[in-house]
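Here is what each chain is made of, one letter per residue.
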Amino acid sequence: MKRTEAIIITAVFSLLLVVGLVGTLISDKPDFSEWENRELAEFPEASVDSVLSGKYGQDFEGWLTDRFVARDFWVKLKRVSDSALGIKESNGVVVGNNALFDIPDKVSDKAVEKNISAINAFQKKTSLPTSIILVPSTATVFYEDAPSLFPSNDEEALVEDIYSRLDNVTTVDTLPVLRTMSLDEAFYKTDHHWTSKGASAVYSVWRNTENTFELETVAEDFYGTLTSRSGDISIKADTVEKITSGDAFVSCKVFDGVNTTKYPSMYFDSYLGLKDKYSYFLGTNQPMVTLETANDTGRVLLMLKDSFAHSFVQCASTDFDKVILIDLRYLTSPLDTLLDLNEVTDVLFLYSLENFTTQDNMMWIK
Amino acid sequence: MVFSSLIFLFIFLVFTLAVYYILPRAARNAFLLIVSLFFYAWGEPSYIVVMIVSIITNYTAGRLIAHYKSREKTTGAKITVAVLSVIDIGLLVFFKYTGFIFDNISSIFKISFPFDPFIDSIVLPIGISFYTFQMMSYVIDVYRGDTEVQKNVLDFGCYVSLFPQLIAGPIVQYKTVADQMKNRRENLTMFAEGVIRFVVGLGKKVLLANGVGIIWDTVAGYDLATLPVLTALIGSVAFSFQIYFDFSGYSDMAIGLGKMLGFEFLENFNYPYISKSVTDFWRRWHISLSSWFRDYVYIPLGGNRRGFAKQIRNIAIVWLCTGIWHGASWNFVLWGAWFGILLIAEKLFLLKLLDKLPRFVSHIWALFCAWFGWVIFANEDLSRLGQYIKALFGGSGVFADGQSLWLLSNYAIIFVIAAIASTPLCKNLWKRVENCSVAPVLRVLFVVGILVLCTAYLVSSTYNPFIYFRF
Chain X
1 MKRTEAIIIT AVFSLLLVVG LVGTLISDKP DFSEWENREL AEFPEASVDS VLSGKYGQDF
61 EGWLTDRFVA RDFWVKLKRV SDSALGIKES NGVVVGNNAL FDIPDKVSDK AVEKNISAIN
121 AFQKKTSLPT SIILVPSTAT VFYEDAPSLF PSNDEEALVE DIYSRLDNVT TVDTLPVLRT
181 MSLDEAFYKT DHHWTSKGAS AVYSVWRNTE NTFELETVAE DFYGTLTSRS GDISIKADTV
241 EKITSGDAFV SCKVFDGVNT TKYPSMYFDS YLGLKDKYSY FLGTNQPMVT LETANDTGRV
301 LLMLKDSFAH SFVQCASTDF DKVILIDLRY LTSPLDTLLD LNEVTDVLFL YSLENFTTQD
361 NMMWIK
Chain E
367 MVFSSLIFLF IFLVFTLAVY YILPRAARNA FLLIVSLFFY AWGEPSYIVV MIVSIITNYT
427 AGRLIAHYKS REKTTGAKIT VAVLSVIDIG LLVFFKYTGF IFDNISSIFK ISFPFDPFID
487 SIVLPIGISF YTFQMMSYVI DVYRGDTEVQ KNVLDFGCYV SLFPQLIAGP IVQYKTVADQ
547 MKNRRENLTM FAEGVIRFVV GLGKKVLLAN GVGIIWDTVA GYDLATLPVL TALIGSVAFS
607 FQIYFDFSGY SDMAIGLGKM LGFEFLENFN YPYISKSVTD FWRRWHISLS SWFRDYVYIP
667 LGGNRRGFAK QIRNIAIVWL CTGIWHGASW NFVLWGAWFG ILLIAEKLFL LKLLDKLPRF
727 VSHIWALFCA WFGWVIFANE DLSRLGQYIK ALFGGSGVFA DGQSLWLLSN YAIIFVIAAI
787 ASTPLCKNLW KRVENCSVAP VLRVLFVVGI LVLCTAYLVS STYNPFIYFR F
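The listed protein sequences correspond, in order, to chains X and E. The opening position of the first sequence corresponds to residue 1 in my numbering, with each subsequent residue numbered one higher. The opening position of the second sequence corresponds to residue 367 in my numbering, with each subsequent residue numbered one higher.
One thing to keep in mind: the hints can contain errors.
[As the list claims (entries may be wrong)] One side only, chain X facing chain E, incomplete, derived with CB under 8 Å:
{"#": "1", "residue": "R3"}
{"#": "2", "residue": "L16"}
{"#": "3", "residue": "L64"}
{"#": "4", "residue": "K78"}
{"#": "5", "residue": "A121"}
{"#": "6", "residue": "Q123"}
{"#": "7", "residue": "D173"}
{"#": "8", "residue": "L175"}
[Claimed, not checked] Keeping only pairs whose Cα atoms sit at most 27 Å apart, straight-line, the calculated BS3-like set for lysine-lysine is:
{"#": "9", "chain 1": "X", "residue 1": "K366", "chain 2": "X", "residue 2": "K253"}
{"#": "10", "chain 1": "X", "residue 1": "K253", "chain 2": "X", "residue 2": "K236"}
{"#": "11", "chain 1": "E", "residue 1": "K444", "chain 2": "X", "residue 2": "K110"}
{"#": "12", "chain 1": "X", "residue 1": "K236", "chain 2": "X", "residue 2": "K275"}
{"#": "13", "chain 1": "X", "residue 1": "K2", "chain 2": "E", "residue 2": "K797"}
{"#": "14", "chain 1": "X", "residue 1": "K125", "chain 2": "X", "residue 2": "K106"}
{"#": "15", "chain 1": "E", "residue 1": "K517", "chain 2": "E", "residue 2": "K435"}
{"#": "16", "chain 1": "E", "residue 1": "K462", "chain 2": "X", "residue 2": "K55"}
{"#": "17", "chain 1": "E", "residue 1": "K756", "chain 2": "X", "residue 2": "K106"}
{"#": "18", "chain 1": "E", "residue 1": "K642", "chain 2": "E", "residue 2": "K517"}
{"#": "19", "chain 1": "E", "residue 1": "K793", "chain 2": "X", "residue 2": "K2"}
Honestly, the hints are just simulated from the structure, not real lab data. From a predicted model like this one, the values you see are computed outputs, not experimental measurements. For every residue, glycine included, the Cβ atom is placed at its ideal position computed from N, Cα and C.
Hey, can you work out the whole structure from these sequences and the hints?
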């Protein structure tokens with residue numbers, strides 16, 4: 001190696017390290033990462049205990065990594081490099097044809113078994129007209145847009161199997177109607193949820209009516225959970241639409257496990273300014289939400305659900321006097337201690353297939 | 367502290383190199399000692415005491431032996447070296463194997479000890495396996511007259527704690543750097559070479575080892591009872607690459623950092639995955655460890671000069687020690703036994719046979735033995751090891767499922783890069799362009815490119831989106 005080259009290599013190496021150090025020292029360091037939706041690590045306070053246990057060292061490194069100069073740039077560069085290496089998966093999320101796909105968790109036969117028997121028992125106990133809607137993942141509905149060899153479960157067979165094991169329950173096949181749309185109409189490209197359009201189409205199939213719901217755009221820059229998890233920004237933002245559902249709506253009561261708060265709307269505008277825009281629909285997950293409307297049909301719908309119900313319930317509010325949404329995952333006492341089952345006229349179980357096949361929280365309805 | 371961290375690169379290294387070159391030569395060893403102790407203490411402050419006590423004990427032993435030898439009192443020298451070895455090995459055994467030994471006694475005799483909580487509280491001090499062996503090499507060499515005694519305790523402390531090789535080797539024998547402790551001449555060319563070597567190692571660790579490491583972690587997290595053959599294979603091959611790039615990358619970084627500070631350490635790896643026999647593999651893998659066992663165990667036991675039966679015994683002893691040195695767990699004993707048996711078999715007849723066979727056959731043999739060794743090495747729990755081997759040989763009844771094909775498609779490129787990087791191909795290609803006029807530009811681009819990419823991966827290591835709104 002010639003001397004000039006040695007000087008250049010030494011200089012370049014030293015310069016890079018010094019720039020990184022000085023840049024980190026003088027740059028503005030945000031406290032909150034909007035992208036990751038979390039507070040970045042605080043500068044640790046030294047104490048004799050924390051230093052001796054090595055915790056101070058760890059925390060300091062956490063701080064340095066979180067607050068390193070141009071953090072977002074480095075994170076993006078890593079994603080680009082991963083893609084260049086052919087690595088499609090990042091935190092369980094995969095880039096497909098103009099959309100992000102969530103790799104579903106492994107099906108738990110035990111959870112499926114428990115959920116089915118709980119629903120059967122509940123139907124038998126109440127004798128109410130009961131329906132179920134299981135929403136398959138984006139990758140199953142729009143398998144042509146998922147990358148080749150995408151490791152999804154055989155969800156079509158799974159849904160068929162679960163439906164066949166339910167007694168006296170009306171089952172709704174979502175696939176045909178969802179497949180009449182394109183992926184970005186029925187689901188968000190950057191989030192694992194379905195859109196108002198996808199949900200309303202399935203609602204009409206369930207109610208056996210014509211789909212006459214009209215939509216209105218409320219936000220155009222929605223980057224959902226899949227973008228956050230993967231860190232991939234190659235997929236453009238989604239549009240959030242709501243259903244213009246007329247003026248029958250009266251109130252939305254949210255029970256958070258302790259207190260009940262009454263809201264004038266089922267739409268939470270404040271979330272449109274934040275990253276998590278899906279929470280515009282009904283806010284975040286709560287144990288019980290009750291929607292009261294001015295309809296006079298004499299019908300009360302009980303929905304046992306996960307967050308896929310949040311965009312779906314817009315439609316239900318046009319047809320029922322009252323809709324009670326229960327998220328069994330957040331319950332701490334049996335269902336009949338929360339509400340009077342005698343006033344209910346219809347029951348609907350609405351879950352994403354992934355939740356239904358991986359979690360069992362149905363013990364509270366027995 | 368580890369090399370592949372932002373704090374090491376952007377704070378520790380910048381500070382250390384700057385001050386090191388500002389200081390006069392006479393103060394540099396003392397400075398290196400101080401920063402090395404800081405480097406060591408960063409992750410585990412309390413165990414620095416163990417290291418300092420060890421340094422002082424071994425330094426004193428060296429002085430004592432030299433003292434006895436200068437007065438021709440060989441018995442005194444002999445007793446000192448014996449006592450010292452007992453102390454060094456005793457400390458190592460205490461910190462590394464106490465839990466293992468008592469666990470086994472407890473489970474064999476179905477008894478428990480009142481001091482079990484104490485045993486559970488023993489934590490292995492980082493690098494103790496490495497620095498113990500380094501210091502023993504020094505004391506034994508002083509006894510043998512293979513090296514001069516080190517009279518300056520700071521210089522001796524600097525040799526033991528020198529941060530480039532402190533926590534994961536190579537095991538630098540004192541005699542190979544004795545002269546450099548006093549008379550090393552740092553220069554720019556050496557520094558630049560050191561930078562390149564360091565960056566090569568950093569890339570191996572951060573880009574390759576961590577990259578394939580994700581694959582192994584993924585596979586190891588699956589249910590082994592239903593693991594298809596292909597997935598088990600992908601996982602174990604990934605681990606084989608991971609351990610090679612992790613360890614050889616660390617050695618490259620150590621050698622590179624050494625050069626930046628004016629030291630020349632011996633090589634520790636020499637493309638082990640191109641070996642043509644197990645014997646060859648162990649001449650290319652972790653060379654400094656094999657040399658240590660050869661010089662301080664195998665040869666003193668008589669090596670191959672006391673008859674064939676004794677030679678076999680010596681190989682068996684060395685390989686049981688090598689196995690257990692890697693960790694206090696039965697799978698490491700098995701791992702050592704696996705290689706001990708293979709090496710004995712090669713000595714007996716296999717090597718002659720392998721010589722006659724086509725090269726690719728002997729190459730496959732060596733790769734198979736190394737790969738299967740890593741399967742044993744990677745599964746510390748013996749029942750898991752059994753399950754994993756069963757999965758490899760079709761225990762689940764499935765050859766491949768969607769998951770295995772997905773893994774393969776996702777990581778095919780990184781596997782190909784890892785395979786190429788395990789051979790001297792790049793080095794040989796580089797030799798062809800080394801003297802072209804563009805070579806210096808390529809070298810600078812390489813340094814910048816790898817350093818920037820590694821920074822991206824290190825910063826992203828805490829990319830940790832909080833998805834409370836997951837469902």
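Verification of the supplied hints:
1. A hinted interface residue such as R3 of chain X counts as satisfied when its beta carbon comes closer than 8 Å to some beta carbon of chain E; here the least separation is about 6 Å, so the hint holds.
2. Interface restraint check for L16 of chain X: the shortest CB-CB distance to chain E comes to about 6 Å, inside 8 Å, so the restraint holds.
3. Given the 8 Å rule on beta carbons, the hint for L64 of chain X holds: about 5 Å separates it from the nearest Cβ of chain E.
4. Because the beta carbon of K78 of chain X sits about 4 Å from the nearest beta carbon in chain E, less than 8 Å, this interface hint is met.
5. For A121 of chain X, the shortest C-beta to C-beta distance to chain E is roughly 24 Å, which exceeds 8 Å, and the interface hint is violated.
6. At about 24 Å, the closest approach between the beta carbon of Q123 of chain X and any beta carbon in chain E exceeds 8 Å, and the interface hint on this residue is violated.
7. Because the smallest distance between the Cβ of D173 of chain X and any Cβ of chain E comes to about 22 Å, over 8 Å, the interface hint for this residue is violated.
8. A hinted interface residue such as L175 of chain X counts as satisfied when its beta carbon comes closer than 8 Å to some beta carbon of chain E; here the least separation is about 20 Å, so the hint is violated.
9. Taken as a hint, the K366 of chain X and K253 of chain X pair is honoured in the structure, with Cα atoms around 25 Å apart against an allowance of 27 Å.
10. For the given pair, K253 of chain X sits about 35 Å from K236 of chain X by alpha-carbon distance, which is inconsistent with the 27 Å threshold.
11. Annotation: proposed proximity of K444 of chain E to K110 of chain X is violated, straight-line Cα distance about 68 Å (limit 27 Å).
12. Annotation: proposed proximity of K236 of chain X to K275 of chain X holds, straight-line Cα distance about 14 Å (limit 27 Å).
13. A threshold of 27 Å between alpha carbons decides the hint, and for K2 of chain X with K797 of chain E the separation of about 16 Å falls inside it, so the pair holds.
14. Between the alpha carbons of K125 of chain X and K106 of chain X the distance comes to roughly 31 Å, so the proposed pair goes past 27 Å and is violated.
15. The suggested pairing of K517 of chain E with K435 of chain E holds, with an alpha-carbon distance near 15 Å, which does not exceed 27 Å.
16. Pair hint K462 of chain E plus K55 of chain X holds up; C-alpha atoms about 23 Å apart against a cutoff of 27 Å.
17. Distance restraint check for K756 of chain E and K106 of chain X: the Cα-Cα separation of roughly 22 Å lies within the 27 Å cut-off, and the hinted pair is therefore satisfied.
18. Taking the CA atoms of K642 of chain E and K517 of chain E, the gap is near 45 Å; set against the 27 Å cutoff, the hint is violated.
19. As the CA atoms of K793 of chain E and K2 of chain X are separated by approximately 19 Å, the hinted pair is consistent with the 27 Å bound.
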